[in-house]
Amino acid sequence: MRTISGTGFGSWWKQQQLHRRRSGLSLGGTVIRFVLLLIIALFFGLPLLWLVLAPTKNEDQLYNLGSISFGSWGRIGEAWDHLLGFNNAAILSWITNSIFYTLSSVILSVIIVVPVGYVLATMRFPGRGLILTLTLITMIVPASALVLPLFLELSLVGLVDTPWAVILPAAFFPFGVYLAFIYYASSLPTDLLSAAKVDGCNEWQLFQQIALPLAVPLLGLLAFLSFNANWNNFFLPFVMLNQDTMYNLPVGLATLAANTPALHPAFAQTDSPMIKGDLALVGLIMSIPVALVFIFAQRFIVSGSLAGSVKE
Amino acid sequence: MEKSAKFTGVTKPDEVTRPRKKIIRYLSAYLFSLPYLVLLLAFGVGPAIYALIISFTSYKEGQPQYFAAGLSNYSKAVSDFRFGSAIGNIAQFLIISIPVGIFGVIIIALLLHARQGWYTDFLRTLYFVPGAVAGPTAILLAIFMFDPRLSPFAPLLKAFGYQTISDVAKLQNLPVMITLIGFFSGAGGWIAIFYGALQGVSKELLEAALIDGCSALQLAIRIKLPMIYRYVVFMLILTFAGNIQLFAEPLILNDISSGNTIAGPTYSPNMLSYFLAFNEGNFGTAAVISLLMVLVGLLGAFIIIYGTKFYDTDATAAS
Numbered sequence: 001m002r003t004i005s006g007t008g009f010g011s012w013w014k015q016q017q018l019h020r021r022r023s024g025l026s027l028g029g030t031v032i033r034f035v036l037l038l039i040i041a042l043f044f045g046l047p048l049l050w051l052v053l054a055p056t057k058n059e060d061q062l063y064n065l066g067s068i069s070f071g072s073w074g075r076i077g078e079a080w081d082h083l084l085g086f087n088n089a090a091i092l093s094w095i096t097n098s099i100f101y102t103l104s105s106v107i108l109s110v111i112i113v114v115p116v117g118y119v120l121a122t123m124r125f126p127g128r129g130l131i132l133t134l135t136l137i138t139m140i141v142p143a144s145a146l147v148l149p150l151f152l153e154l155s156l157v158g159l160v161d162t163p164w165a166v167i168l169p170a171a172f173f174p175f176g177v178y179l180a181f182i183y184y185a186s187s188l189p190t191d192l193l194s195a196a197k198v199d200g201c202n203e204w205q206l207f208q209q210i211a212l213p214l215a216v217p218l219l220g221l222l223a224f225l226s227f228n229a230n231w232n233n234f235f236l237p238f239v240m241l242n243q244d245t246m247y248n249l250p251v252g253l254a255t256l257a258a259n260t261p262a263l264h265p266a267f268a269q270t271d272s273p274m275i276k277g278d279l280a281l282v283g284l285i286m287s288i289p290v291a292l293v294f295i296f297a298q299r300f301i302v303s304g305s306l307a308g309s310v311k312e
Numbered sequence: 001m002e003k004s005a006k007f008t009g010v011t012k013p014d015e016v017t018r019p020r021k022k023i024i025r026y027l028s029a030y031l032f033s034l035p036y037l038v039l040l041l042a043f044g045v046g047p048a049i050y051a052l053i054i055s056f057t058s059y060k061e062g063q064p065q066y067f068a069a070g071l072s073n074y075s076k077a078v079s080d081f082r083f084g085s086a087i088g089n090i091a092q093f094l095i096i097s098i099p100v101g102i103f104g105v106i107i108i109a110l111l112l113h114a115r116q117g118w119y120t121d122f123l124r125t126l127y128f129v130p131g132a133v134a135g136p137t138a139i140l141l142a143i144f145m146f147d148p149r150l151s152p153f154a155p156l157l158k159a160f161g162y163q164t165i166s167d168v169a170k171l172q173n174l175p176v177m178i179t180l181i182g183f184f185s186g187a188g189g190w191i192a193i194f195y196g197a198l199q200g201v202s203k204e205l206l207e208a209a210l211i212d213g214c215s216a217l218q219l220a221i222r223i224k225l226p227m228i229y230r231y232v233v234f235m236l237i238l239t240f241a242g243n244i245q246l247f248a249e250p251l252i253l254n255d256i257s258s259g260n261t262i263a264g265p266t267y268s269p270n271m272l273s274y275f276l277a278f279n280e281g282n283f284g285t286a287a288v289i290s291l292l293m294v295l296v297g298l299l300g301a302f303i304i305i306y307g308t309k310f311y312d313t314d315a316t317a318a319s
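Read top to bottom, the protein sequences are chains A and B. In terms of the numbering used here, the first sequence opens at residue 1 and continues consecutively. In terms of the numbering used here, the second sequence opens at residue 1 and continues consecutively.
Some hints here could point you the wrong way.
Here are the simulated EDC-like cross-link-like pairs (lysine to aspartate or glutamate), alpha carbons at most 16 Å apart as the crow flies [as the list claims (entries may be wrong)]:
hint	chain 1	residue 1	chain 2	residue 2
1	B	Lys21	A	Glu203
2	B	Lys76	B	Asp212
3	B	Lys22	A	Glu203
The hints are simulated quantities; they were obtained by calculation from the structure and are not laboratory data.
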């Protein structure tokens, strides 16, 4: 028994040494690398763990039970009740608003972005260069720089304080146009297009029967990026929306936090029972769908789907 | 497209109909682009032009008097005592957040890539997932993580001499605090992108260098780093353009840091612009500051487009 486990360990160790030498790491380098990666893992992992555990703890347990510890399942239900108690269950509207705003913007942006990317990549027409340049510029100038003039512009046409004030600007997705353009420019076989044209396909048929079916990975990437940006959007809805029943989750969470006596003693006279664990529950409700999408989407990003967009 | 035009142009009848076909092609190109062009005008170009107009406009009892202000909004912005400190604050934040972000991401990606094993995939995912905790959630979580009485990092905070959250949440600590928040939720995405780029470095090249006696460190600095240089430039510009827009973090930190409004309402240029517009009704001066932010972003855009030849649009476009 002892000898078997001994050789098992020995051969494992030998294999590790072989791997190590293949990566050019010295033994000291291996140890330093491992320790650094572990410290970084704590930096990213501990707050996540804390956030997951916080809704199970009441205020007293948060301070005294140890930061990484479990309270009780029942506390989660209590936290949810506290949240429902805020402004006639405003949280339910925030959740539906978040889903509605995000889905609308994602669907609109993808529908709008793919055809433009396609024509920019496959056709030469007057104004093409201008569209490309404006797209690159608006892609780099962050949208938040324009939020204030956008507010004034939308208030001129009476859209402020309507869902459209959030959905429409968020459907403008120049980075998506750029990705679609690069995708079609590098992956659409031009011979196939020419052949289809000889066979009498018109431009719409070309797009619908050849370009669109080829774009499935592109659609996934676009939807992921757009979903992520819009689900967490704060500045735009914060400026555009006044009624708290119209907020999305990020603005709602900021409102909750500002009305929580535990965080903001200026409101201590209010009788809100909101405590820190309740806020953590909202944070979790916001983060869990994105985390699931993230774990799924990581494959796309690491496999270099984005590589096309930044290649030489 | 030239090629295909020639190809279809072999027979005579096609040759005759070519101009008409060209018009139809242009027309379909514009039809395909139309919805996007509307959004581009409404939400990209429009607000920028509108900001320019408002910057010359004065407001009397909420009614705009277009071009009545001349340059007074500009002089008001520059002479506003909060303007200088907002610029100073944002500069301080950029000086800390950009190098930390760029070097942090490069180092972590290279460390992960130095040797692939069972735990590297797991760690990469662990670094990536906090990206899901973004915006107000990340800021709220940060307030708890910086509180020595709540935080799992309490021993570290106490080693720095901090006993309560009010010891930590001070004006001079803000740039570092916001940098850490940004790194927590933003770094993972870039690490994944850099890691993906490193996967593209040729295996033969790396093996040859190892045989020549390169250490892992030399491999990382001499071979891998130059290979992902373009991604670093890409991240640098986007991080700069994004970080200069600082708004939500100081605003929410003000609201939730135990009643100390640590940042104040005009900490960053974007906050000052918002405050001028909605608290003082001074849209003209607010527009001047918005324009300034757009200009800085434009500068970044032009550096990318013309300076680094980063987007060589016509080289990649099918022709």
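Hints not upheld, ascending by number = Result: hint 2 breaks, nothing else.
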